[in-house]
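**Student:** Using the hints, position chain B against chain A.
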Amino acid sequence: KAGVTQTPRYLIKTRGQQVTLSCSPISGHRSVSWYQQTPGQGLQFLFEYFSETQRNKGNFPGRFSGRQFSNSRSEMNVSTLELGDSALYLCASREGGETEETQYFGPGTRLLVL
Amino acid sequence: AQSVTQLGSHVSVSEGALVLLRCNYSSSVPPYLFWYVQYPNQGLQLLLKYTSAATLVKGINGFEAEFKKSETSFHLTKPSAHMSDAAEYFCAVSEAAGNKLTFGGGTRVLVKP
Numbered sequence: 336k337a338g339v340t341q342t343p344r345y346l347i348k349t350r351g352q353q354v355t356l357s358c359s360p361i362s363g364h365r366s367v368s369w370y371q372q373t374p375g376q377g378l379q380f381l382f383e384y385f386s387e388t389q390r391n392k393g394n395f396p397g398r399f400s401g402r403q404f405s406n407s408r409s410e411m412n413v414s415t416l417e418l419g420d421s422a423l424y425l426c427a428s429r430e431g432g433e434t435e436e437t438q439y440f441g442p443g444t445r446l447l448v449l
Numbered sequence: 011a012q013s014v015t016q017l018g019s020h021v022s023v024s025e026g027a028l029v030l031l032r033c034n035y036s037s038s039v040p041p042y043l044f045w046y047v048q049y050p051n052q053g054l055q056l057l058l059k060y061t062s063a064a065t066l067v068k069g070i071n072g073f074e075a076e077f078k079k080s081e082t083s084f085h086l087t088k089p090s091a092h093m094s095d096a097a098e099y100f101c102a103v104s105e106a107a108g109n110k111l112t113f114g115g116g117t118r119v120l121v122k123p
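Protein chains in written order, with the numbering used here: chain A, 336 to 449; chain B, 11 to 123.
Only chain B is shown next, with the shape it has when bound in the complex:
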């Protein structure tokens, strides 16, 4: 069975500092990997996705993630945090196109001025 682990349920960063959110997955087959963001009282918005093309994936709002098969990781980064990045971030995996998403526990990001 698939599983997704996000290290750190809460992360606090200063405005302008690097944002690094960690995601490790377990999957028996090459997966599809996703990062979603959830703002308060809203649904999930897709940040970026990995679908076996380039291992470095660029998404919206300056975020990017690198797929590392040997480490079974898909960490999310943003070079410079902005106050608007305060939200909860979810890593998700799917074993096949269109298959159900299995989510990590989420990481809540706090941005300090």
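Isolated chain A (complex conformation):
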């Protein structure tokens, strides 16, 4: 099976702009989670989507949002970008069953905010 794919891999934006990142999970996986990785804060959970519904949310401001489509693909949106939003954004997918606990990560999208 193909792994988790994320597009684009690299992105440069300026402060105040908005950005949309895309994640395609492993075929058959219904759950998609997003994480932010920065040198200062490390890896932090943003949110999880399962069957098009947000099931869990981390401690991030409302500028960070997401959605999931019927084919399980997910998008993450950040509005009014700030310099501190520069990070590697990782998407992870899993089957979504109650006993499935392994998350498989994509290569990430590296966002630079100038």
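Calculated directly from the structure, the hints in this document are not laboratory data.
Backbone N, C-alpha and C define an ideal beta-carbon position, used for all residues, glycine too.
There's no promise every hint is true.
Pulled a few chain B residues facing chain A out of the computed Cβ check, cut under 8 Å [to be verified]: (1) Leu-56; (2) Ala-96; (3) Phe-100; (4) Lys-110; (5) Phe-113; (6) Gly-115.
**Tutor:** This is chain B only, laid out in the frame that chain A set:
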């Protein structure tokens, strides 16, 4: 709230020497525990996971980890380091199946020839 502590943000080992990466966690319930590895400009790759079966868990690339409940630890070891082991390693905990992962700060491993 869960937390994960990885002792040592950087570890330097000689090729062929033992690799030992320390991870301690706090959790109010029996956790699921994971070790992930991240190579430069890549995502996270699962090395191994503990899910309340055997306390000694074997993973890929010769790594293994032992769950010690009394010490709330899940240290990662590899008997003989290889140059290809140079990467950053993350310990993570989840309180329930499918729940969000809480990560430690990571340990960057340098392997000297």
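**Student:** Compare the structure with each hint and give your call.
**Tutor:** Hints and how they fare:
Here the hint on Leu-56(B) is kept, as its CB sits about 6 Å from the closest CB of chain A, short of 8 Å. Of the supplied interface hints, the one on Ala-96(B) is violated, with its beta-carbon coming no nearer than about 18 Å to a beta-carbon of chain A, more than 8 Å. The interface hint given for Phe-100(B) holds, since its Cβ lies 7 Å from the closest Cβ of chain A, which is under the 8 Å cut-off. The beta carbon of Lys-110(B) comes within 4 Å of a beta carbon in chain A, closer than 8 Å, and the hint placing it at the interface holds.
With 8 Å as the threshold, the beta carbon of Phe-113(B) comes within range of chain A, its nearest partner Cβ sitting at about 4 Å, so the hint holds. A cut of 8 Å between beta carbons decides the hint on Gly-115(B): the least distance to chain A is about 5 Å, and the hint holds.
Hint compliance for this structure: hint 2 alone is broken.
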